[in-house]
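Engineer: In order, the protein sequence lines correspond to chains A, B, C, D, E and F. No gaps in the numbering here: position 159 of the first sequence is 1169 in the working numbering, and each next residue is one more. No gaps in the numbering here: position 184 of the second sequence is 1194 in the working numbering, and each next residue is one more. No gaps in the numbering here: position 30 of the third sequence is 1040 in the working numbering, and each next residue is one more. No gaps in the numbering here: position 38 of the fourth sequence is 1048 in the working numbering, and each next residue is one more. No gaps in the numbering here: position 90 of the fifth sequence is 1100 in the working numbering, and each next residue is one more. No gaps in the numbering here: position 77 of the sixth sequence is 1087 in the working numbering, and each next residue is one more.
Rather than coming from a laboratory, the hints here were simulated on the basis of the structure. Just so we're clear, the structure is a prediction, and the values are computed from it rather than from any experiment. Worth double-checking, as some hints may not be accurate.
Intra- or inter-copy, both count: the list cannot distinguish identical chains.
Lysine to aspartate or glutamate pairs mimicking EDC-like chemistry, simulated, CA-CA at most 20 angstroms apart [unchecked claim]:
#1 K1213 with D1135
#2 K1155 with E1228
#3 K1033 with E1207
#4 K1155 with D1102
#5 K1020 with E1228
#6 K1202 with D1239
Protein chains: 6
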Amino acid sequence: MSYYQLGVVKRHIVRADRAAVEKLSRFGVATIHEAMGRVGLMKNYMRPIYTGAHVCGTAVTVLLQPGDNWMMHVAAEQLQTGDVVVAACTTDNEDGFFGDLLATSFRARGALGLIIDGGVRDVKDLTEMDFPVFSRAVNAKGTIKATLGSVNIPIVCAGAYVTPGDVIVADDDGVVCVPKAIAQKTLEAAIKRESFEGEKRDKLASGVLGLDMYKMREPLAAAGLKYID
Amino acid sequence: MSYYQLGVVKRHIVRADRAAVEKLSRFGVATIHEAMGRVGLMKNYMRPIYTGAHVCGTAVTVLLQPGDNWMMHVAAEQLQTGDVVVAACTTDNEDGFFGDLLATSFRARGALGLIIDGGVRDVKDLTEMDFPVFSRAVNAKGTIKATLGSVNIPIVCAGAYVTPGDVIVADDDGVVCVPKAIAQKTLEAAIKRESFEGEKRDKLASGVLGLDMYKMREPLAAAGLKYID
Amino acid sequence: MSYYQLGVVKRHIVRADRAAVEKLSRFGVATIHEAMGRVGLMKNYMRPIYTGAHVCGTAVTVLLQPGDNWMMHVAAEQLQTGDVVVAACTTDNEDGFFGDLLATSFRARGALGLIIDGGVRDVKDLTEMDFPVFSRAVNAKGTIKATLGSVNIPIVCAGAYVTPGDVIVADDDGVVCVPKAIAQKTLEAAIKRESFEGEKRDKLASGVLGLDMYKMREPLAAAGLKYID
Amino acid sequence: MSYYQLGVVKRHIVRADRAAVEKLSRFGVATIHEAMGRVGLMKNYMRPIYTGAHVCGTAVTVLLQPGDNWMMHVAAEQLQTGDVVVAACTTDNEDGFFGDLLATSFRARGALGLIIDGGVRDVKDLTEMDFPVFSRAVNAKGTIKATLGSVNIPIVCAGAYVTPGDVIVADDDGVVCVPKAIAQKTLEAAIKRESFEGEKRDKLASGVLGLDMYKMREPLAAAGLKYID
Amino acid sequence: MSYYQLGVVKRHIVRADRAAVEKLSRFGVATIHEAMGRVGLMKNYMRPIYTGAHVCGTAVTVLLQPGDNWMMHVAAEQLQTGDVVVAACTTDNEDGFFGDLLATSFRARGALGLIIDGGVRDVKDLTEMDFPVFSRAVNAKGTIKATLGSVNIPIVCAGAYVTPGDVIVADDDGVVCVPKAIAQKTLEAAIKRESFEGEKRDKLASGVLGLDMYKMREPLAAAGLKYID
Amino acid sequence: MSYYQLGVVKRHIVRADRAAVEKLSRFGVATIHEAMGRVGLMKNYMRPIYTGAHVCGTAVTVLLQPGDNWMMHVAAEQLQTGDVVVAACTTDNEDGFFGDLLATSFRARGALGLIIDGGVRDVKDLTEMDFPVFSRAVNAKGTIKATLGSVNIPIVCAGAYVTPGDVIVADDDGVVCVPKAIAQKTLEAAIKRESFEGEKRDKLASGVLGLDMYKMREPLAAAGLKYID
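Go ahead and model the full structure; you've got the sequences and the hints to work with.
Structural biologist: Following this line, the structure appears as structure tokens:
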């Protein structure tokens, strides 16, 4: 299964380790992205359709054609509990590929949410269902079912390369993809990173400056920073 | 009265049938757009200024000049109960053409809401008034009153052609214009479309796949879809 | 200290009069912008990260480099109670320059909020802290600390020229900068402007038309407006 | 034939008067737009694919579906000598709907050029053919032939309402649509407008100021303009 | 070497077969993209800096940091005759990462051109050198050399996934990436596709309609197309 | 005269030293921007209306109102030989504020070109006149003459702060503003910077790597760069 192979559905994919996924779900997108070495984010035009939406699961990927959501139905059959559907399109298109009926179907098959580099509709219903969706746009525009794309091939979604089974985490700050091969390592780095946060926050709250806490004064002076009255 | 005739106000317009408008107000924008044959939507950059905003009424149209909201005051006099003001501009301009004072005046004259391919301000007040506005932008930038546009001529608003008296429906999914000549027909199609939704939703919720419910497996195979392990 | 001088921090700045700032905080951005003669606004892509965010204070300015938030830490030390940090970048960049740790530090030093022509992250935490941020984008993308910018030099932020100590007011309608030299005069104009609003609102609510209240009928006729049946 | 009726082709359309069209072709888009009362322009994202492209003819309209250029072939059969194809899409889509083969076919049928609110490709070939195209984008992305749109219905193209048979003029400054009903009147206004241009240009070239030539000093003073040393 | 691994340079990469690359260079981007099954294109915001720019070669990839072009110098050492540098950034950034000095160096090392999802400068010099560059932007903004990215790792450039050694073809229509594993197969499909073009063009030029040549009348009727007088 | 004071024209402004301006005109925008410390650029959406446009002169500033070019005529009277008009607008507006008649007038008064954060028209004529214009957009949309802006006040144009009399340089790479106070210093830095370019170019052309010429290998290793086979 190669990148952008059209007209295929891969039935058996290797999903990231369930335990690692669950542990990663406790971390924010910003923390995970830092733990990966400041990479892995989708473009920041991907926004939750309602405030507070959050999802963490394993990617089932979909490659759509413009104005056509046929492959979303094909993808539904490949879903397992804990999956997140990640949908890209072969071109820039903001039509409403997804609404409350597909959300009902996806949830019945075990899916936790949707990440789509396209448009969605029925946002009021999706919000009431508390079905987390992160999309490029909201758009009432309907789609047809006429042209083949693919399911469970590697895709590029909103600038990020996603392989089926990768870990997807999304919250108010954006969407990050953790390749399954580094899920455990990323988890460990995230835990370590977060362990220092409480102490730092307390210090800063007490009025200690980052300049001192992070020992920045010397490098700033070395870089030539000048203070003037 | 022709499209883009400047400096005129049409006093008597034919509004869509009141009963049809009221019945259409129960349907979502996505459903109505589908019922029309997947047409009639404004561009999806038109967004509600607060979550949950909804409006359905008959269009009183306004053609504005950039940075100038004079015609909004002229339009106020033409309003009747159940109208929705639909405002376009002769060029792309996101100035704040509308605020709480005009909303107060529009409401006093019977208007239900505003659709504007431009900017609005006082969004906090408008939200407290629960006055539904769908706009291209929020912008504190004020306007002047110096150049003539028109009221109740056919206009193009956010990509949609709107004739005075047409039905306008707007919700979280976007804005649709139903030409008054097809309001009744659209209503019937919407009713029919929605009548199947409950049953479909129940089936999908029980785990039935769209692939089976919509009998897609055969056409997918005919199109050449391949399943791989 | 001139515009865009890099590598400097000005320690002593003249802040706008505290009493005028406090009085200005009671007015909306649209009103203040009108009181200044319809100028002073930042671009309308600057949006609050949560509905209802509001801030009014004196500007401590920061000039950032792309992908680098070093100067934010330098700025923290220059903050006094009642300040608002106003951050621009030497190029268009939407990385996440700011999050909950910096917010904690800024608040501990007396800052009331942040205006940034760039991205921010940890928006859930910032919302819970009720720390008002107006930004160009939300973005989980992290930054480094490697290149000098400046603190407390005049900057251009989102199209507005901001001098350290100027008054910054931001609400749901946008962000305005009131030069400290005209803070008092602007306040007076705002008070005067607002004093007429209540009466106008009552009249409009009673059904009086703006056409009559503002005596527009004659100038409209002079401009050539035609009424047609 | 109404606006946005899908699945239809109108064979007999009323074209603007040939003589008027030919005379209009001598005027620039800016002049014609002014002659119409400063209306009629398409959005300024519509750009020629090569410098110096120019076209003036009668509109044959096409409504496309996203990623689908089937209707372009249907339109070819409806072309007559002197026509310009004007193509819009039911949604925002920049796929490459048009290339050198279709240009060859359109030209063979008498078409003079293409205006398309979408993408085109083979721009090198089109440039060599000197086939004028004004589009929203250049894009190598191919399209399919699967879904019906319409030919020769009224459409909205790049913000302008175009009826089959209207006059379309396009040059380096943009694209304007002159409704056939006002083609003659617009022509006369353009002739009148242009008749003054040479004299004005000579005066300005000699150093006379617009302030004096247009007698602006008095209205400027009345508006309150102040000169300071 | 995995996708988005920072701080590494891969010295030995497998380049696509030289003979296939040379043969592919005779085809346009649109043809190659069709030959691949309508996939592989970069976003259409990637434009040549001068009309007529064309390049075909094997990819040496670079991952840049915002405002930092250090890795471009590192990449220069890895170039071989026939390479094309393909540069992406860890975030959206349009700074001028590349100018005439780097072009001189790249050319001296054998590179044929540059594809960059960022900005470039010195476009006059680059044009005089006839050094083909396809970029997201032109921007005089300079960059620093402070933070590590990578060279010759798989990257996502303007929406396309590019592996070191893949074939890159760029012309006035856009940029396409042909994975080296399918270069030969793509070449054969392109040859086949193009072999029919001349005959088609002749037929269309003689006035034969695509409707007849492609036998579209029956499927159009089956789809429900109606002709009206 | 303060920033954004409306309704005023300053007659006597201090222009940058003529000799320095003339010497600066020999340098490219990228070089000057680097010589200033990598600051001073306008946004990179400012583009020449024809390839090869170049201008260097002293700024006469104009603040326009949306859809209104009245102040352009007022500015004409303030022009002296060697000036460049720099025009901003109180809001984002891409109307065609400028065409060949104004260019004729400006040239007759000694102006060398125009920088405008707005639209222009008559680009064919302007190109034939070889009148350099750098603008945000090309747009046939006409404007009115009804509302006061200002002439020769400090303005923000495309993100850059411009004071009357500053040096403006524009070429294919963009537009830079050199404050008159640092024109001489910037000139010296530009001369110094350029003096090394020839030697560098020769070395790079001979195959020497920037890695060696700039002695980057050690800092790269220190930063942790790893080479892999």
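Engineer: Determine for every hint whether it applies to the structure shown.
Structural biologist: Hint check:
1. In this assembly of identical chains, the alpha carbons of K1213 and D1135 lie at most 20 angstroms apart only when taken from different copies (17 angstroms versus 44 angstroms within one copy).
2. With identical chains, the CA atoms of K1155 and E1228 are at most 20 angstroms apart between copies only, with a shortest distance of 13 angstroms across copies and 62 angstroms within one.
3. Taking identical chains as interchangeable, the C-alpha atoms of K1033 and E1207 lie at most 20 angstroms apart only when both belong to the same chain, with a minimum of 18 angstroms there against 38 angstroms between chains.
4. In this homomeric assembly, K1155 and D1102 come within 20 angstroms of each other (Cα to Cα) both inside a single copy, at 18 angstroms, and across copies, at 19 angstroms.
5. When the C-alpha separation of K1020 and E1228 is checked against a cutoff of 20 angstroms, the pair qualifies only between copies, where the shortest distance is 18 angstroms, while the shortest distance within a copy is 55 angstroms.
6. With identical chains, the CA atoms of K1202 and D1239 are never at most 20 angstroms apart, being 41 angstroms at best within one copy and 31 angstroms at best between copies.
In the structure shown, a violation is registered for the earlier hint numbered 6 alone.
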